[in-house]
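J.: These are the residues of each chain, in order.
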Amino acid sequence: MPERTLVQAVRDALYEEMERDDRVCVLGQDVGLKGGVFKATEGLQQRFGAERVMDMPLAESSIAAVAQGLALEGFTPVAEMQFADYSYPAFNQIVNEIAKVRYRSNGDFSCPLVIRAPTGGGVRGALYHSQSPEAFYCHVPGLKVVLPSTPADAKGLLKAAIRDRDPVIFLEPKKLYRAERQEVAQGEAALLPLASAAVVRQGTDLTVVTYGYMRAVTMQAAAKLSPDGIEVEVIDLRTLRPWDVEACVRSIQKTGRLAIVYEANRTGGFGAEVAAELAERCFASLDAPVSRIASPDVPAMPFSPALEHAFMLNPDKVADGLRRVARY
Amino acid sequence: MPERTLVQAVRDALYEEMERDDRVCVLGQDVGLKGGVFKATEGLQQRFGAERVMDMPLAESSIAAVAQGLALEGFTPVAEMQFADYSYPAFNQIVNEIAKVRYRSNGDFSCPLVIRAPTGGGVRGALYHSQSPEAFYCHVPGLKVVLPSTPADAKGLLKAAIRDRDPVIFLEPKKLYRAERQEVAQGEAALLPLASAAVVRQGTDLTVVTYGYMRAVTMQAAAKLSPDGIEVEVIDLRTLRPWDVEACVRSIQKTGRLAIVYEANRTGGFGAEVAAELAERCFASLDAPVSRIASPDVPAMPFSPALEHAFMLNPDKVADGLRRVARY
Amino acid sequence: MPTDAEGLTKERVLEAYRTVLQARALDDRRFVLNRAGKLAFIISPRGHEVAQVGAIAALQPGRDRFCLYYRNFAAALACGFTPEELMLAAFARAADPSSGGRQTPGNFGSRRRGVVIGSSTVGPQIPKAAGIGLALQWRGEGALCYVSFGEGATSQGDFHEGLNFAAIHHCPVIFFCENNHWAISVPQALQVAGPGVAERAAAYGIPGVRVRGDDFFAVHAAVAEAAQRARSGGGPTLIEAEVLRLQSHSTDDDQRAYRDPAELAAEALQDPIPRMRDALITRGWLSPEADQAMRDDVNREVEKATEAAEAAPEPEPASLGRHVYADA
Amino acid sequence: MPTDAEGLTKERVLEAYRTVLQARALDDRRFVLNRAGKLAFIISPRGHEVAQVGAIAALQPGRDRFCLYYRNFAAALACGFTPEELMLAAFARAADPSSGGRQTPGNFGSRRRGVVIGSSTVGPQIPKAAGIGLALQWRGEGALCYVSFGEGATSQGDFHEGLNFAAIHHCPVIFFCENNHWAISVPQALQVAGPGVAERAAAYGIPGVRVRGDDFFAVHAAVAEAAQRARSGGGPTLIEAEVLRLQSHSTDDDQRAYRDPAELAAEALQDPIPRMRDALITRGWLSPEADQAMRDDVNREVEKATEAAEAAPEPEPASLGRHVYADA
Ligand SMILES: Cc1ncc(C[n+]2csc(CCOP(=O)(O)OP(=O)(O)O)c2C)c(N)n1
Ligand SMILES: Cc1ncc(C[n+]2csc(CCOP(=O)(O)OP(=O)(O)O)c2C)c(N)n1
Ligand SMILES: [Mg+2]
Ligand SMILES: [Mg+2]
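Chains as they are written, first to last, in this note's numbering: chain A, -17 to 310; chain B, -17 to 310; chain C, 227 to 554; chain D, 227 to 554.
Hints are supplied without guarantee of correctness; some may be wrong.
Capping the alpha-carbon separation at 20 Å, the derived lysine to aspartate or glutamate pairs in EDC-like fashion look like this [what the hints assert, rightly or not]:
#1 Lys299(A) to Asp210(A)
#2 Lys206(B) to Glu228(B)
#3 Lys206(A) to Glu228(A)
#4 Lys21(B) to Glu542(C)
#5 Lys21(A) to Glu(-15)(A)
#6 Lys21(A) to Asp480(D)
#7 Lys21(B) to Glu1(B)
#8 Lys299(B) to Glu262(A)
#9 Lys21(A) to Glu162(A)
#10 Lys299(A) to Glu542(D)
#11 Lys206(A) to Glu165(A)
#12 Lys236(C) to Asp523(C)
#13 Lys236(C) to Glu542(C)
#14 Lys530(D) to Glu237(D)
#15 Lys206(A) to Asp302(A)
#16 Lys530(C) to Glu540(C)
#17 Lys21(A) to Asp478(D)
#18 Lys21(B) to Asp480(C)
#19 Lys236(C) to Asp478(C)
#20 Lys236(D) to Asp480(D)
#21 Lys299(B) to Glu542(C)
#22 Lys21(A) to Asp254(D)
#23 Lys264(D) to Asp478(D)
#24 Lys299(A) to Glu1(B)
#25 Lys21(B) to Asp479(C)
#26 Lys264(C) to Glu529(C)
#27 Lys264(D) to Glu533(D)
#28 Lys206(B) to Asp187(B)
#29 Lys264(D) to Asp479(D)
#30 Lys264(D) to Asp441(D)
Since the hints were derived computationally from the structure, they do not count as laboratory data.
Turn these sequences into a full structure, and let the hints guide you.
T.: Here it is as structure tokens:
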């Protein structure tokens, strides 16, 4: 199996799905010859032409709307928002239109499409290239939301998202685009089901539910706790809507403790949903309060490295938080 | 004191603040001669003229943007979105621009304004005149979010929002616009501070945190439980961001049980934040899991009365949910 | 396959006239039902009927796509909706083909007829139609997408984004603006800067046409010409049909509160239906007797439609949660 | 108070030329620092400098308002920012007057200079400027708001909404489009339907002017005329300055990947700075020696600015949470 970075895996998924099904098409700003600002669509236009890989005007609402129109006609568009922070001009199209097509037509129409966007911080992108807006989309019935953290997951889940019969918001942690290489399967073997979490570290003392870039941070934090005799079980949700509640419940029944680690602003973040749901479901199993470890309620990470560092979670901060839960 | 409905109280607050301070102005679709589709701005244009009460083009992004421009120049605009469901075209202006003005300028600029919008369902408004989008705005650092439930609260909090130094999203439950009349104070006596919850029913057995139209529903549900010897304490948050955590903690320390009742879609709703925060803070006091009683994860309430009824919480559904918490 | 260039036969014109009469009869009936407390909410096409039917008569329901807006009751009939179907929507019955009673009446959708389900939101259908147009262009079968909206909708950013995209890619789209000079209470002067809607086409390098909306033949000719252009790869056209809103915006509105009584009185005399009737009589295609017979026939049809719709079952409450996502 | 009609004195033109040189020298230095690994990310104004300075020179910093965009380094200098201040931003230092190191350099803001803090988001400043224009109109002191953006930004709905609003209300706004024919990798043909940006003004009934952006005097004259119109109640103007992007979009981009090498080579010979210098020499306002002296002086200034900025302190990590809301 070839070794791939996360962004290469995204590109491979697009390539394979476009080869497999000629209804699949890609549209977005700079997705053509340039291959996207992160190279996620590199070479696709050369291979599939300027129609199936279409450079769009600088207008996110119309990117979402055109994708919607294509989906309504039986194509399977994969639209790129250049940064998740820039998906907001398309918010009305996504929330009022795309998400509600099936429901409002009582099932007569559907709108299967994928909207991809790089998400999160840590790359000195400052306030407008670092946001983690998944909570907005996770609150919208009719949407699915995926946020992978490894090359293999990104590929398998993007392929599944493209084949899904409903609209999927597919958020890619830009900090991880080139962070690691991994062997990634090809073709059908790469497929992964949506809505299935992965237990990525076994542990007995504390469950951590996390996703995206925070998976790697949590894994490092967990390694720091091991010498203290604290064994952390880490669950990577991978799909946020719908999310794999059962996998989390099983783990908590074993560990009796839960922390949620997420990169978005703490208040109203998706971690609140996870915490609320699992605290209710696992009340009898919990030996300590469910703790959320998240970014501060500051618009996003500033450009200054000093401030970016102050904003972002890192293995030390997470380890401190986890230790508190373990020792409660 | 004059008796006022909630929508009259909103109008009075606008009138008084415009009289008090000639920088206060109103803008939105149909806010002029028509006085707004719910009559919240009735008579204002006749009194203050077509500049200070400006009918805007049908373009929510520009409504938010123009309000922002006015605020940056020292005016205090109160912009109306005709329905909260129609605030999404302005989402980028609100989230990326308005909310972040102060932060991104390191305090050199600020953007004090109010965006008012009728919210929630129960008036046969169907999918696009019934949504409860408060969770979106509650997740945004830099915004404040207010959601009153009585005429006096609406007036007092709207006056405070207009005087606040930061941008405030002010959501008005349209189901309550004419639901009751209440004596409402005038002038300075009407003012209420933001971020302060109200304990609107004393109880010993169970705390309910709620807001908006669900306050009335919860009060009726509480009355149903009283004969069974279950005394519910009801807290109306009134301001959702920042919210009054301490008032809730005090109550839970007394009752040992907590339910959150909210009208929005359950998953990712603001109730998740309340549940997560209070479950963590009150872990040692809680005798039962924190329960969320919310609307189903369906886009919004359909037009059909049968489906609207199936969607919406009512005193019976809430009472059932509360009974389960009380009896846990 | 019939082409638009074929021209109008007497039969097709009389059929169109009958559709206009149907729309009016349905409207009259809906107002009666509204006053009787049986229908909650009405948006009337009164004054727009001739323009709507004239436009659709130049197109090919079943082959083309139609993105309609909430005032398009006459257009919907012209697309093949039956009076009974529209009454099923008015009563929010399960058999409403557009949404099974989920949306307010006026959000038309029927996959088999090519009528693309809309929402109540003003504007988003415009760039969506551009996307549909792109898909039709790709398919290369000469079909086109027709999208209609009021002049208020032209203020939305989505109007601009839709026209820009469609013009860049020469999408086969007809942008049909029904300019009744009012958006609820906001007059054109406060809505549309510049000379008018048709003139905006030049900004995108596409043809813009203004036509009297009460002249069936003129509307038909303009749309037929645009259709021929679209089908033959000539790209989109923007048509502005000048019409009158002979009713208040909706039953929630009373335009006497903001409009000049003399103007209202003058407009009431300019109903387009008598004008169309007179034109047909002048051509010798219709006699007063045949007109009356047709009206009687239409009235009976509407009566039967009303009875059938009123007697039809409501949606099952248990169906509330269906079609949020694809069935498993 | 000076008016624009006063015309250009030799002194003012030489000052403007010096500003152009400053911008270029700063840019050169930033690229050196970037290659040395000291600066993370650069957006270059190269090719736009003369247009930017020509425009601002026709206006009144301190009296007028300026909504700039990320490529406006020369414009910012013309508004009164010093090279040291811009270097403080480049190094993300605490003393960066725009944002204290919070935003990427290129988001200029300074309340006392009337430079309104922007964001990295493309487009939202356009309707915001309309709102600022409205406020200035209300104040009635003859000030205006200048807003700049690339041709890519004209695709956003916000462009349309801003021009429509400003035109309806005759707001004193100058919409200044720096058309370099590329938005990252998307060429004008895929971005701007129709003949060009200037022609879009007619859609709003306002003047639209196209001007060569390498002709200082032409740009100045166009902006001065627009300013006079704005100050005297004549409403907004849309100006399209044709410029070249002599660098890749940013240091994250390499335009050789998507642009024709011959075209790039040809453009490299059309640097507007030599053209301005030659024009000044032709007028007898500048000698080659004076030019060299000025360049040496500017280089020394930039060197000192760089040293001072590099040595300046970073923001305090503890300041991360400040200015999300007003200080208590
Ligand atoms: C985005 C959005 N904003 C506001 C509304 C409320 N609204 C419904 S219809 C309407 C006026 C539309 O006027 P116009 O486009 O001219 O169409 P007309 O009703 O005159 O046919 C408004 C403001 C809405 N439905 N959607
Ligand atoms: C809303 C939004 N979408 C996308 C981007 C990413 N982006 C930054 S600059 C740019 C191109 C802008 O081109 P143009 O407006 O022509 O200005 P230029 O850079 O050529 O001066 C893009 C796509 C953004 N910043 N904001
Ligand atoms: Mg209208
Ligand atoms: Mg450009």
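J.: Look at each hint and say if it fits the structure.
T.: We went through each hint and held it up to the structure:
1. A threshold of 20 Å between alpha carbons decides the hint, and for Lys299(A) with Asp210(A) the separation of about 16 Å falls inside it, so the pair holds.
2. For the suggested pair Lys206(B) and Glu228(B), the alpha carbons sit about 27 Å apart, so the restraint of at most 20 Å is broken.
3. Distance restraint check for Lys206(A) and Glu228(A): the Cα-Cα separation of roughly 27 Å exceeds the 20 Å cut-off, and the hinted pair is therefore not satisfied.
4. For the proposed pair Lys21(B) and Glu542(C), the alpha carbon gap of about 35 Å is over 20 Å, so the pair is violated.
5. For the hint linking Lys21(A) to Glu(-15)(A), the alpha-carbon distance of about 17 Å falls within 20 Å, and the restraint holds.
6. For the hint linking Lys21(A) to Asp480(D), the alpha-carbon distance of about 12 Å falls within 20 Å, and the restraint holds.
7. For a cut-off of 20 Å, the pair hint linking Lys21(B) to Glu1(B) stands: about 19 Å separates their Cα positions.
8. Our distance criterion of 20 Å between C-alpha atoms is met by Lys299(B) and Glu262(A), whose separation comes to about 19 Å.
9. Proximity of Lys21(A) to Glu162(A) is assessed by CA-CA distance (about 16 Å); at most 20 Å being required, the pair is judged to hold.
10. Distance restraint check for Lys299(A) and Glu542(D): the Cα-Cα separation of roughly 18 Å lies within the 20 Å cut-off, and the hinted pair is therefore satisfied.
11. A distance of roughly 26 Å separates the Cα atoms of Lys206(A) and Glu165(A); the hinted pair therefore is violated under the 20 Å criterion.
12. A C-alpha spacing of about 19 Å is found between Lys236(C) and Asp523(C), which places the hinted pair at or below 20 Å, so the restraint holds.
13. Between Lys236(C) and Glu542(C) the alpha-carbon distance is near 45 Å, which puts this suggested pair outside the 20 Å criterion.
14. Our distance criterion of 20 Å between C-alpha atoms is broken by Lys530(D) and Glu237(D), whose separation comes to about 25 Å.
15. Our distance criterion of 20 Å between C-alpha atoms is met by Lys206(A) and Asp302(A), whose separation comes to about 10 Å.
16. Between Lys530(C) and Glu540(C) the CA atoms are separated by roughly 18 Å; this keeps the pair inside 20 Å, and the hint holds.
17. Annotation: proposed proximity of Lys21(A) to Asp478(D) holds, straight-line Cα distance about 11 Å (limit 20 Å).
18. Of the pairs offered as hints, the one joining Lys21(B) and Asp480(C) holds, with about 12 Å between alpha carbons and a cut-off of 20 Å not exceeded.
19. Between Lys236(C) and Asp478(C) the alpha-carbon distance is near 39 Å, which puts this suggested pair outside the 20 Å criterion.
20. For a cut-off of 20 Å, the pair hint linking Lys236(D) to Asp480(D) is broken: about 39 Å separates their Cα positions.
21. At most 20 Å may separate the alpha-carbon atoms for a hinted pair to count; Lys299(B) and Glu542(C) meet this at roughly 18 Å.
22. Distance check on the hinted pair: Lys21(A) and Asp254(D) sit about 27 Å apart at the alpha-carbon level, beyond 20 Å; violated.
23. Straight-line distance between C-alpha atoms of Lys264(D) and Asp478(D) comes to about 15 Å, which keeps the hinted pair within the 20 Å bound.
24. A threshold of 20 Å between alpha carbons decides the hint, and for Lys299(A) with Glu1(B) the separation of about 51 Å lies outside it, so the pair is violated.
25. Simply put, Lys21(B) and Asp479(C) have alpha-carbon atoms about 11 Å apart, close enough for the 20 Å limit, and the pair holds.
26. A C-alpha spacing of about 15 Å is found between Lys264(C) and Glu529(C), which places the hinted pair at or below 20 Å, so the restraint holds.
27. Between the alpha carbons of Lys264(D) and Glu533(D) the distance comes to roughly 12 Å, so the proposed pair stays at or under 20 Å and holds.
28. Between the alpha carbons of Lys206(B) and Asp187(B) the distance comes to roughly 14 Å, so the proposed pair stays at or under 20 Å and holds.
29. A threshold of 20 Å between alpha carbons decides the hint, and for Lys264(D) with Asp479(D) the separation of about 18 Å falls inside it, so the pair holds.
30. Between Lys264(D) and Asp441(D), the direct Cα distance comes to roughly 34 Å. Violation of the 20 Å bound is thereby established for this hinted pair.
When each numbered hint is compared with the structure, violations occur for hints 2, 3, 4, 11, 13, 14, 19, 20, 22, 24 and 30.
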